[in-house]
Each structure stands twice: as C-alpha cells, then as structure tokens.
Amino acid sequence: MLGVCYYPEHWSELLWAQDAKEMTELGIVYVRIGEFCWSRIEPTENQYTFQWLDRAIDTLAKAGLKIIMCTPTATPPKWLIEKYPDILPVDIYTGQVRAFGSRRHYDFSSKNYTKEAMRITEVLTKRYGTNKSVVGWQTDNEIGCHDTTHSGSSNAKNAFQVWCTAKYHTIENLNTLWGNVFWSMEYQDFKQIELPMLAVTETNPAHQLAYRRFSSDLVISFHNKMVNIIKNNTVDQFVTHNFIPMSDTQTDNFLLASNLDFVSYDNYPLGRSDLFFSTLTAKEFKPYMRTGHPDFSSYSFDQVRGLLDKNFWIMEQQPGPVNWAHHNPRPEKGMVRLWTWQAFAHGANCVSYFRWRQVAFAQEQMHSGIKRVDNSKSIAWNEIQQVRQEIDKLLIIDEYINIRVAIVTGTLNQWITEIERQGDSYNHQKVEFTYYSVLRQLGLEVDFISVNSDLTKYDLIIAPCLPIIPDSFITKCKKTKAHLVFGPRSGSKTDEFSLSPNLAPGPLQTLLPIQILSIETIRPDCSETLSYNNKLFESKCWREELSISKEVIVVAHYHDKSPAIIRHKNISYLSTLTCSSFLLAFFENLCCELDIEILKLPKDMRITKRNNIAFVFNYAGYEQQFPVSEIGKFLIGNETLGPYDVAILKLNK
Amino acid sequence: MLGVCYYPEHWSELLWAQDAKEMTELGIVYVRIGEFCWSRIEPTENQYTFQWLDRAIDTLAKAGLKIIMCTPTATPPKWLIEKYPDILPVDIYTGQVRAFGSRRHYDFSSKNYTKEAMRITEVLTKRYGTNKSVVGWQTDNEIGCHDTTHSGSSNAKNAFQVWCTAKYHTIENLNTLWGNVFWSMEYQDFKQIELPMLAVTETNPAHQLAYRRFSSDLVISFHNKMVNIIKNNTVDQFVTHNFIPMSDTQTDNFLLASNLDFVSYDNYPLGRSDLFFSTLTAKEFKPYMRTGHPDFSSYSFDQVRGLLDKNFWIMEQQPGPVNWAHHNPRPEKGMVRLWTWQAFAHGANCVSYFRWRQVAFAQEQMHSGIKRVDNSKSIAWNEIQQVRQEIDKLLIIDEYINIRVAIVTGTLNQWITEIERQGDSYNHQKVEFTYYSVLRQLGLEVDFISVNSDLTKYDLIIAPCLPIIPDSFITKCKKTKAHLVFGPRSGSKTDEFSLSPNLAPGPLQTLLPIQILSIETIRPDCSETLSYNNKLFESKCWREELSISKEVIVVAHYHDKSPAIIRHKNISYLSTLTCSSFLLAFFENLCCELDIEILKLPKDMRITKRNNIAFVFNYAGYEQQFPVSEIGKFLIGNETLGPYDVAILKLNK
Amino acid sequence: MLGVCYYPEHWSELLWAQDAKEMTELGIVYVRIGEFCWSRIEPTENQYTFQWLDRAIDTLAKAGLKIIMCTPTATPPKWLIEKYPDILPVDIYTGQVRAFGSRRHYDFSSKNYTKEAMRITEVLTKRYGTNKSVVGWQTDNEIGCHDTTHSGSSNAKNAFQVWCTAKYHTIENLNTLWGNVFWSMEYQDFKQIELPMLAVTETNPAHQLAYRRFSSDLVISFHNKMVNIIKNNTVDQFVTHNFIPMSDTQTDNFLLASNLDFVSYDNYPLGRSDLFFSTLTAKEFKPYMRTGHPDFSSYSFDQVRGLLDKNFWIMEQQPGPVNWAHHNPRPEKGMVRLWTWQAFAHGANCVSYFRWRQVAFAQEQMHSGIKRVDNSKSIAWNEIQQVRQEIDKLLIIDEYINIRVAIVTGTLNQWITEIERQGDSYNHQKVEFTYYSVLRQLGLEVDFISVNSDLTKYDLIIAPCLPIIPDSFITKCKKTKAHLVFGPRSGSKTDEFSLSPNLAPGPLQTLLPIQILSIETIRPDCSETLSYNNKLFESKCWREELSISKEVIVVAHYHDKSPAIIRHKNISYLSTLTCSSFLLAFFENLCCELDIEILKLPKDMRITKRNNIAFVFNYAGYEQQFPVSEIGKFLIGNETLGPYDVAILKLNK
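Residue numbers (the numbering used here), protein chains in the order written: chain V, 5 to 657; chain G, 5 to 657; chain W, 5 to 657.
What the hints contain is simulated information worked out from the structure, not anything from laboratory work. Worth double-checking, as some hints may not be accurate.
Copies of the same chain are indistinguishable here, so a pair counts whether it falls within one copy or spans any two.
Keeping only pairs whose Cα atoms sit at most 27 angstroms apart, straight-line, the calculated BS3-like set for lysine-lysine is [unchecked claim]:
no.: 1; residue 1: Lys-82; residue 2: Lys-314
no.: 2; residue 1: Lys-565; residue 2: Lys-290
no.: 3; residue 1: Lys-573; residue 2: Lys-25
no.: 4; residue 1: Lys-119; residue 2: Lys-195
no.: 5; residue 1: Lys-82; residue 2: Lys-70
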C-alpha cells in the first residue's frame, strides 16, 4: 500500500478536498496527519480547537482515505514551555539549556512534560480513538532525533539517582560494579551521583553506560505510557512509531518497539548517505550520490523488520531532494520507484511519502514533496503512479520465510564502542554495514536479530560486534547447529562494562578455545596484510592477538604469521577489522560449505527474494542483464534492466 | 592623497614633532588619530583629559597635516563596563557573556552603551568640531568586526520583540508570515519571542532573517545617532567610517553608509587572502601569497565605491606583514605601491596606511608599520615615497564615467545563503567574486549596485545571487535595454523567507518564461559537465532543474542534456554554479554581442580605466609586456612591466 | 633498578602476597602505591582507614620490595567536593565548572583545596614518614595533565589580582608594562583585572603571559608546600614527582622540579607518538607506529635529566598498548626492553612499569599491564625479565660526563609561541624536537639546559627558540667559547612580552651585529628554497628578513638571495625554520669544525654513550650492523642487531 504525510494546518482549508481527491487518484490509501499540530489543537492551555481537525479528517475520509493520527508531542507549544520551563532539555556537552524555536525541545526526565504529553495524548485519543476514519496512530515523531535522548538537567540527574538506587540497591554495590575505587570516585550515597558530563577528563565507562541505559529506559517509559494511553482509548486502531536509523536513537530499539503493533521507518536514502558516507572520496561517492549505496536502504529495512520480526511501514519516504544534509542531490529518475519496491521487497506493508506538497515556509521549505509548492506535480508523481499500477500485478506474501542468515545487532554494542573508543576509526555502524553489504552482494537475505532472538531458524549467524554476551545467548549458541561468526571485541566485556575476567572472548570461551591476549588499534591509513587462501587482504584499525588451542584452525594470518581469523567447529572468530573483498571471499566459501545458495550478480545489481517472488534492482546508471532469468517468470520488467530499473519475477519452485 | 594612522597616546610626546615632520616629508597629508583612546581622554567617569590630545593635534597641524578624528567607541574603558555590565555582548553560539580585555566588547542593544557612546561623541565633537586642523571624523572602528553585530543578551531579546511588534503589528501576522505553524512554533504574544539561538535544531529561517535585519537596524540606528551628533557639532568636517569587507559586517552596508560623506575601507590584501583563499591548494595559493589575487583588492574597492556610488578612502592600507591571519607573509617588493595605485585607479581619493610605526606592545605588536619599532624606515617607506612622487605626474579625475557593467549585490542575499545552506559548499562571497574576477580578466570595469540603484547607465547587469527580488527592481528590469544575467537562486524567496509561490525565479517570471522545478546541491568534488558551444565545462555545487517555454533559447546543457543556462530576449539565466573558464567564455561572447569592448591581457595583468587614464598592474613575479600600448601615452612606466609593477597611460581619445 | 606501579586497593587482599612474590621474582625492587586512594584512606571526613594500607605495605615489604608512597591529591573524593565546591576548576575556554567524575578536578587557586591537600599529606607523612619500608614519595600525579594548570574561577581571578599587585606594585606600572593603552584596556585598580578569557577577540599577550606565569607560580607554590610537608615529616625518604611531557605541564618545569630529590617521568612512547606525530602521512608514521620515533623517548629522557641536571626515574613505563591515544598500537616485540635500556642509557636510575596488572574496570581498563587481567603474564614480562638479567652484566655510572652539546629550553619560550601564533604552523615542541633528532642522528649526546644553567661545559649550545633572553644569559654567552646557534624569534621579546626596542634579536645584538627587519610566516605547504653549500634545502613556515653588518658571514640564502642563515664569530643565527636534511648538513659541518666527534649510523640505529659504556639501539624492524664495533667490547649483544634490538659495549678508552 501507499501513503502520504499531510499537514492540513499548513494549507488553506479550500485546498483539502482537491488534495484528497488527487491523493486517491495517485493511489494513496493512507494519510498521516497531526504530527506537529499542538499549537493548533490547543492554542492556549486547555482551550481545544479540534474543529478544524475534525473537518480535515472528514474531508480526507470522504475521499476514501484512511487516517493515521499522530501525537503532537515532539513540538510542545510556547505557552507550555513558559508554564513549565523544565521541559527544555540541557545539552550534555555544554550544560546549556536547549531553547525553544525548533522541535524535540523536551526533556524525557521532566515529569511536567510527561504529564502534559500524556494529557494531550489522552485528549486526542479520547476524541479520535473510535473514529472509523482513523485507522492508526503514530507516537510522537522520530524519537531521539537531534540528540535528544540525553539531557543534562537536574531532573535528569535526580531521575538517574533514583534509577541507580533501583538497579544497584546499595551504593557499595554500585561502587564495586563500576570500579569507582579506580580514581577515588566512590560515592557514599546515591544522592551524590552526578551525570557523566563536563568532567575534567573521561568519566567511568560503567557510569556512562549506566547513564545511557537510564536514558534509554526513560525514553521507553515515556513512550510506553503513550502507547498504553492510545491502546486504552482506541478501538481497532494500530499504534506505530516512525524510527530514525537505529544507530541514531541512542535507545534500545528492540525495547522501544516492543509494545507497538508494527514498526515504521523514515527512509531518506540520499540525505542519510551524504552523512554516512561523507568520508568517501568523490570517486567512491559519486556513483551513488543520487541513488544511495545499493545496500544502504535495505540495511535499514532489514533492521527495522527485525525489531519485531515482522513487516513494517515506511512512514516517510524521500520523494526528491531534502533540505538537511550537507549536500542534497535529487534522486535519479526511477529511484523513487526503485526505493519503494525495495522497501516492499524487504518487508514493507506500506510506503508513505513525505510529504504531499512542498511547503513554502519555515525550516523545511527546501524539502521536496510529491507536489511542488505551486501545486504542480513533481517528478515523483509519475514514479509513484507507476508503482501503484505495478502493485496490482503481484501478490505480496506478508512474511519472509526461509531467511537463513542473521546478523546479531543491538544498541548496547554500539554504546560500548562509542564510550570506549580505543581506536578512533572504529565505527560500529560502518562495521555492521560492511558485513551486511557483503552478504547482500552474495545475494543473501539477512535478518537482524537481538541476543534475545530465537536462533533455530538460521544456518549462519554473524555477530560483527558483541562485546557483552549474555549467558542466555551462549546457551542458544551451544544448541545451534548454525555456523556462528564473531567479530573482534566479542565477549570482551561484562554487563557492567568491565573486562571479562577470563579475557575476551569471555563467556564465548566455553565454545571457543581461544583467548585475546592483547588488543591494538592502528590508524586507518596504516593497514597491514591479512593472508587468506594464499591471497593478501587487509587487516585494519582493530587487531587482536590470539592465543588458540591446538584444535583450532587458523583461517587467515596477520602480516607476522600470527592467527587473525580462526575456526573451531561451527564457530569462526575474526579478530580484526578487514576489507570488503576479504569478507566477500570468506563468506562465499563459508556459504558454499554450509550449502547456503549464493548468487553473485553484476555490480550494483541486487536481488531480494520474498517467498516465491524475486525482486531485482539495478542501481547502476546503465542497462544491465539479469543473468539467471531462468529462475522464474517475469511479472514486471524483464532480464534487461534499464538504469535504476526494477524487475520482479515469480520464482519457479 | 596619502594618509596614515597614528596613535599619539602610544608614544612619548617627545616623538610627536619628529613623527609629524617625517610624515610630511613622506608626502602624508592626512593623519587619523584618537581611534581607541577613550581611557586616555576620560580615565575615570566625567574626568576629561583632553590636554594631551590638544597638544597632539597642534603638533601634527603645525607640520601641515590634516587630522581625522575618531570616536573611541570601539573600546569602552573598564570603569564604564563596571558601571554598566550590560554593555558586554552575549555570544549567540554559547550564551556566554563576551568579556572585557580586547575590543568591540559592546552590545548594540544596550541602551546604557548607546547613551554613553553618544555622550563621548558629543563631548569630543563639541571640543574638536570647529577645530580647523580637524578635517573629518571616523565613526567607531570596523563595525561588525569579530562577529559583534549580533548579541544574545536579554537586552537584545527585548529590543527584538519591540522591533517585531513594530514590523508585524499583530502576533498573528508574524506567525503567518514566518510560517510558525510548521512545528507548533506559534506565539501568542510578542513577549514570547526568543532569539533564534541555542535551539535543539535549526530555527525558522524567517525568524533568523528577522533577527539579522533587526541586528542590522540596531547597528545602523546606533551609527546614525553618532553620525548625526558629529554633523550637528561640526563645521566643514566630513564623516566617514572604515568598513571591513562587505560580507563580514552582517549589516546592510548600503544603509550603514547612507549618512556618511564618503565610505572608507580597511584594505589588508594578504591577511584577508589567507582567510578567504584558505581552501586553495598550495599550487593555487602560492603564486599570490605575497600579492593577493589580482582581483581581490579591487573587488573590495569596487564594492565600497558602490555603497554611495562615489569615491572612497582607504583608511587603513597594509604596509607589510600583519598579525592576525593564520599565516602572515610579507608583501612582495612593489606591492605596497601597486595596491596604492590600484586603490586610486578604482576610485580612492586617499590611501592612508596603517600604521605609522609598528608598536612594541599589546595585541598588534607583530603588525608592521611604515616605520619599524626602532623608528627605522620599513620597506614600505620607499614605495610610498615613490607613489607620492608619481601622484604629481597625473591628474586623477574624481569620478568614474562610462562603466557599462554592474553586479547587483546586497547583504540580504548573503543572509539568505548563510541561513539556508542547502549545499554546504555554496559561499555567497566566493560566487560573487568569481563573477567579478572573470569580468576583470576581460578588462571590464565593474560597478557594484543594489536593487535600489539606477540601472539606466549599464549595458550589462549581473545578479549572481538574488533570492529576494523586490517589485521595484522588476519594474526597472522591464524598462532597461541592458542585458541582464541572473545566477541560480534568483527570485526564489519572498521578502519573509518563504518560497516564491509560483516557484523560482518568482517575480522574474514576468520577464522570463521559465520555472525552477527542483534544486539539488552536490558535493564540490562531484562536479558534472556543462556543455556550451560544443565545449565541456563544469556544473558544480548547485543545480536547478528548469522548465522553459518554447521561445527560450538553451545556451548550455547539463550532462543529461537538460537546459542549464538559458536566454530569453535580454535576459540570461544560469541555473548552476560553474567554473571560471565557462564564465570567461560566456561573458566574452556576451560582451561581443553587446558591443562592450573587452581586453584580454596576459595572465595576472590587469587594466583599470578611469576616464581618460588607464592603469596597468602586473601581479606576476616576472616581467610582462602590456600588449596594446598604442591605446595611449605612458605617464608612468612603459609597456614593459617589471614584477609587481604599475604603468599609467593617458588614453588617446 | 626496576619498579612497578601497584594499586592494592584495586585487588582482593588475597592476591597481595602472591603479587609481591612475583614482583620480586621478576626482579622488581620498587613498588609505587597509594596514588589515587584518598576515598579508601579517608572514606568520610576525618575518618581514616589506614589499616588496609598498613597491611599492603607490610605484605610488599615482607617480600623485599621498597615502597614509594604517593599523596592522593590528584583525586579528591566526592564528600570533599561537596564540602568545598570551589575545589572544582573552571574551564577557561567555556567558563563552565569542570565536574567531578574523573581525576585532577581541583583548582590550584582554591585555598580550601590547598588546605585539604596539605592536611592529607600531613596525615599520610606523619603515618609513613618513618616507615622503613617506605623509601620515598611521589607528589600528586602528573601535574598539569588534562589542561589543569589553568582555571577560570573567581578564586583564580582574585589570586591573579593579588599576584599582579605583588609583581607590578602600582596599576600604572602594570598598564605601562602591558601596554594597556593600546585598546583602552587600562585599569584603575588591581581589583579590575580580569582573567584573559572569553573576550571578544584576542586579549593582550602580556596579560596572557602574566596569567600563565601566575598559574605556574600557583602550581609550584602548591607543590612546594607539599614537598615541604613531606620533607618535614619523613626520614631518609626521597621526594619526586612524575612529570608528563615538558610541553604539557604549562608550568615552569625547572622550578617545579627544584625542590625534588630527583625528577620522575611517565614514558608512553606509543600513546604520545600517536598525538605528537598525528599530522604525519601514513608513509612517515607507519614505520614507527609500534616503536615511536627513535629520538622521541630519549627527547623526554634528556629533557627530564636536564631539570635538575641529574639522573631521574621513569615512574611509569608503557608495557603494552595504552587506552588514551586516538589509536593504540601494541609495541613491537622487544620494544619494552629497548625503551627500558634507552632510559637507563639516558640517565634513568630506575624504570618502573605502569602497571603491575591490567585492571578490569573503570577508565583505564584497556591499558595493558605486565600481567593481564586474568593474572597471566603479558608479553612484557619476558622482556622485563631479560632486562633484569642484563642489568647485572654491567655497572652503570651514575652521571653523564663530557656531554658537549646543549639545547636551551624552557616553558617561557613555549608560552610566547603559544600566545603569539603569528604563523599557525609554528609548533615550539616540534621545532625543538627537530633540532634534537638531528643531533641524535649525528650520534651526539645532548643536554637540555635553561637560561640559568652553567654554559662552561659545552662546546655547542643551541637555542632553537628563545624569544626572551635575560641579560644574565647574554653575559654567559659573552664568556663562552662554545659555538652558539640561535633559531628564529631569538631575542625578539622583552620580559613583559613587548618587542625588543632595538628590533630582534634584541640583547643578542651586543654579540651579533644583525637586525631582524621584518618577519613573515607562510603556509607550511608553501615552502621555498634555502641554498647552502650549493645545495637546495627548504625554508618554511617562519622567515625573517635580516640586516647584517659587513663582517657577518652568510651561510645560507633564501630563494631571493637574501641572507637566511648567518655566522659571526662563534654565533650562528638561523632566521627561518627549515628541514631536517638541512640541519643534518649544517650541524655535521659545524661539529667537524668544532672538533665534536659525530657518528652517523644506519637509519633508525642510535648510539648513546654514558661515560665508558655505549648503548646501541636498533629501532628498525630488520637486522642492522653496528658499523664501528671496534670502539669497544660488547657486554650485551654484538655488532649484528636484530629488529628492535639493543647492544651494549664497554668503550676502549
């Protein structure tokens, strides 16, 4: 299905009916509204002005559209800030209050704000919770965006002290678990605990981790309160939230998603690419500057699908240039269609474009829409129309089946790597993406799972970075017959951010008779060789010195002949970061051994199989042949894919 | 005429007479004094000690020198700061008070400071306003320098609220014009308006623009008060102000200049080049590191001449290495003479060197002077002496005549581009400079004009960046027969920083049947081709998608064959940023068509014609021949110009 | 002798005896303890819990180890901060209080903290000052680390005002000496003086220098109080302090050391290299990434030996990867031995490793130890053991004799260059290191001396950067027959940070008939040629224009044929920064003339002679031959040095 984000309050009421009509003509089914409209539904305290919103819903519904309503809590109005100044968060890097004037200017630790956010949610859901035109709710907007998960306010400090009390019970226990003796950092009382900010030099990593966990808990508690109110007050309406990229929420995404009916994602391939790939050279970057890297969008799709292990929505899909990256190219012709189909291929049930019409004013006036500011149709219109027509040609099966490869992910791993830099060039997200992209280049579908997930359905499970490994995960690893691949840092930390007392890989040693004797990090421009199957690849940035039992097989060596990558039974351990070309060779061989079918397509061509349907994407700016068209029957397109083209096959089996 | 900046209070009184004598020997006519001497004329409140200043003026005057007196308001003394702490400004990026200890530590929104600044101006002008030795006044010093136009104080906030009230009348009007509904940013009362600083993410661009306009108004109001006091209390004394580069004032320069008798400029070609060209490679930068780019000084000269469309002064001219850039090379031998002649050629009536003698102490001790700290003569001495001797050989006509090419400029355009980055590599000043330099390389004289200027005298009018086009300008464009060239972004915004409702180029569409369908920005290292007259050039950084009427002529194409540069009747529109080589070819052809005579000289040679005199400058470090010496008769030099040499011809006609 | 840093409070008491036994087995003699244990010896105010420390000392002593005790003042506990919040320092760049949560969170200007730090020192020394097992004391820890010498607190401001009063007596005198008239910065009263921070633009360099001197005095006063208490309360126990690199203390290191029995240094060659050499290319950096530059460790050794002109200790020696640099490589196999011997060769009496065992928790959990966290032995163990066995083979003579070459150093020079950038690429430490490294590459031993040192024992004295030259130094220069080499900036400043009134090199002109007419700085990528003995080298970054008397010999010329390096009698003056290859040629020729024996070894091989012993170090990763093995008899190793190998010879004479 297709949807669109609409802000009736931004437009003359005279336009609404025509807009609704055109939406349906384009094949739009869902309209998300109300996201930032607090100042319009409650212009002053307790004076509600829902009449315009009622009319907007009616107008849209009359055209046959289904409404997703939002809680407007990402934008508390000025009068509310003036009543409760403690709503404003405090910047943890400067100690400055973060002011009113944009959005997300609220502190999750402000009890006043929680009260008010729940009040407006209560009021809204009471009003629209049984409205037949409203089919679902989006909570807030892009939680965590603009670094808003953390606040350095006194409210946050007090709440953190309470959180610590609940978690550690006695201050002696906290001191011990954090190792506060190290620099005489011992507390006598929970009331003494500071937030880990503005200190002379780095604060205790255990302190930092606790603060991140606390902040995440606070976000989740706020969000769950809101979800519960929505659920309590609504009938037959779903609840979702529009996530930003997993690494930007600074929140446990699996937990944040857990009470939702499904997860939504805001997909901006070009804006995000500009930021994520900013260190690439022009030669590396330019081929993808108007498409995004072929695996970049699907990386997010597979991640969000993993949060609840079920299909998801794209709540906001980039339809043209955005306004917020350093440079904002337009998508190549065809990419809006391609991204949309790629989302469906990876498990989207709905793709909703942001936004219906470019708005002439305020912060996002340079953000394109399906329609231009003069109400003409942008280039995206035709592509969306084409998708709409193509959708009817095939039946999408709701769930993935038979995905045999999983990547173990989780915000906790990211936190460890952010708190403990050790090597500045280590970037958790880039490490994970590199693994993912290599698997995709081999034609493999990938699930992202957490350490709490069921492992039984996979044949290959990869943990690129898993410093803290819970015992329950070890237990599952012992039971699985899948091949397990662990990256460096695995099992190196306890749950309270100490070193594993028996050395890394810590609890993994029960499965893997190796120990990490030392760790070094090196400048990214000072790579060394990694020798594998008589070929030379790169070892870079992070290198561990291994001690291995005799029975362990050395798969690849460092430049000094010491073991770099080893294998023991069904477990491989990569003790270094390396290059894509190595990972391609490594996983190709491994899949061959595991009888996992791979399919190497031309560069920049990707395939995604979903049950009995295969989607083929050509990210290249030139025509390419799909080399194995005999595997099915083309429903859309054929074996010759034009630039930025999509083909869809029904598979033979 | 020549002048010099002198600080009698920095030197023993015993030196004054000898200094004055040597100044006249060197051919100095004007001496600027009193710039930072507040603590010496009013060491404690209301206790004035003018006797030393009287003596200084007498001593200088007796030697035949004419005095320019300054208001010392750029440096309020410590006792005044202690009396009125609200004088100190607040940093808008950090919220911190900017402390005493250097200069320009005052807040234009402090009523206490305005009162005190006007009081000292009143006292000074009462004392010296009829002194025959004092021929003129300089207001303050380098207004806007060190980012001092903006303050984040509560005074500034209150004044901004008052300013908004006066401009927008009702809060509903302000909310509508700014589009505050966008993120529930609507105010109920003018008293709620914050300064656009320290917010969670970017604030409303309309809000930012209003704040910049307000700050500019505040500066101008402060300055005009001072100008008026000077005018009221003086007889036959001019009033001027020494401007920093136009892009650094953050003030409407045309308005700031409007009440002055003439504009002055502080010309530091090497210091400014180090900053402005800092991103150039060594290969690009090194040839000019001791000269500045051949068009860099004249760019400023032509800009400041444009502010009042009349001749100007160089109030401070770099005579050797300065102290404040990242690297501070010495000028090549000959450059002090060359810069001086270049200033005269472009309309300077006086060039005044900063400073007479290098001072041994305090912040600028590494800033060279005409004399060294040991009172010996620096290398600049001889060059100034040479200029002085050369001046007598020719009669300079006061005003330019027959300049046929104009560039439309204005701080408002710069603000738009600073507030709305869209592409990080877009730099308003560099864009404008590129156009200017190309025109100069074609031997053209250039006027800088504002949208309020008379267009009738020009044959070619270029607006490199004009997002907001007032109706009055459109009216003038309709009347002119000149060829008009518009760069990208033209007409894209309303006066309140919204998108033009009929798409860019907005009001220009009444003249030009095109529309901008979309805009993309790309990394500066990811340029693409621009094809023009069967040659390939570069399209870079900013690219617009054009929809054009049939009658519109496509002048150049993008890599995808779509129109990039178009022409309709007497208007050309460049929808992208491009390279100098394209602009050279484009303007050469255009001038040919328009019968504007061009003259292509050897690289790094420039010619400036001023009425019947032509000045030729060789910025190269080697001898070069002036190829068209038949156009006149040499008054100074000849057709063989040595390194960094100047030649001056009387033109034949 | 060998030592180790140990934190009994970090480990179960059950481990202590075994640890002590193993230390002695390894050949450890000294154990440093107590460094950060304040919260364990005084967990709440005035409640002392020394029993555990008594037991720790007893346990270690029983194993035959000698104890160095530390004052724990680098880590005031939380209860103390709460009692006296003014202990926390204020960041001079932001004005923010620097919070509790790490270490060094104290303000030297807090009288409360001085009182408390001296109280705990008194208590500790009373308890252990006559303990026979305690042989010495370390004051505090790494004074100045984490930029803690400066504070922007009101305490600091008040203390600075008092300091100024004592130094300048009258405010008029201060105004004159600082040149406060420059920008009306004159004070009427010492109470008006601000700290030079957060100003609108740069503050007066004299003001900045006074603030640095004041801060240094404050540190030294605090430290001397502590030293005196220790000396008063102890019998037969030495007092030392563990210095960080000289350029990081922001304190007059000679004065800071002056009351100590000897100086100690914390030597982290890899961590420091990562920071110091961060701007090198990979090609330049990679060969040394696991060794440090061959002259980098000895640069510090020779510097700290110079502070008291006597042997020193390495109190902390890196035994493996550290945790605090941007990238943290492991040492090459052999380097722990090599660094240890290099320290001994350059005058260390003891090398003490940091730390005994890697600790599992808190900030430094990624910092390696001699033992791993699981109590296994790290790779360093064997290397230390080898050193221990080798030590017995030779008798080290306590003092250097016959060092003929000295470099004049001092924090004051560094301050000048930091306060007055003039050219951003000028880096005092890198300039000094370049000279040092060149001398070492010529096989020369080098003393670092201050302007107050005796010059009579040297034949070659080099002052790479000496802007302020006291008269007493000039007097010594007049007397010496040594050859004196001065770098650019020499003699350019008065003691109050004004320009020398007779131009640079100021007082040096009494010896050297030259004057610096002007100074330029150029971008580091815009070097020019320096011609010397008909070869071309580089002149870069800093260039002075010289006026010379006829009798002065020009040694090298700039690209424009003007003098760059000159010689007059026994003084050479280098007016520019240049490249290592020039300095090598220059000093080779000079030493030849001065009859100072040089010895050019293969690349990355170094020799250090100490009395009748010569130490040879191979920093290369491959075998190299020592080319002049005939000079002595090998005590350790032979003329074939393996990778990272050491050989030791008894010299023939």
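Consistency of the hints with the structure:
no.	hint	verdict
1	Lys-82 with Lys-314	neither (39 angstroms within a copy, 49 angstroms between copies)
2	Lys-565 with Lys-290	between (38 angstroms within a copy, 19 angstroms between copies)
3	Lys-573 with Lys-25	neither (62 angstroms within a copy, 40 angstroms between copies)
4	Lys-119 with Lys-195	both (25 angstroms within a copy, 26 angstroms between copies)
5	Lys-82 with Lys-70	neither (31 angstroms within a copy, 58 angstroms between copies)
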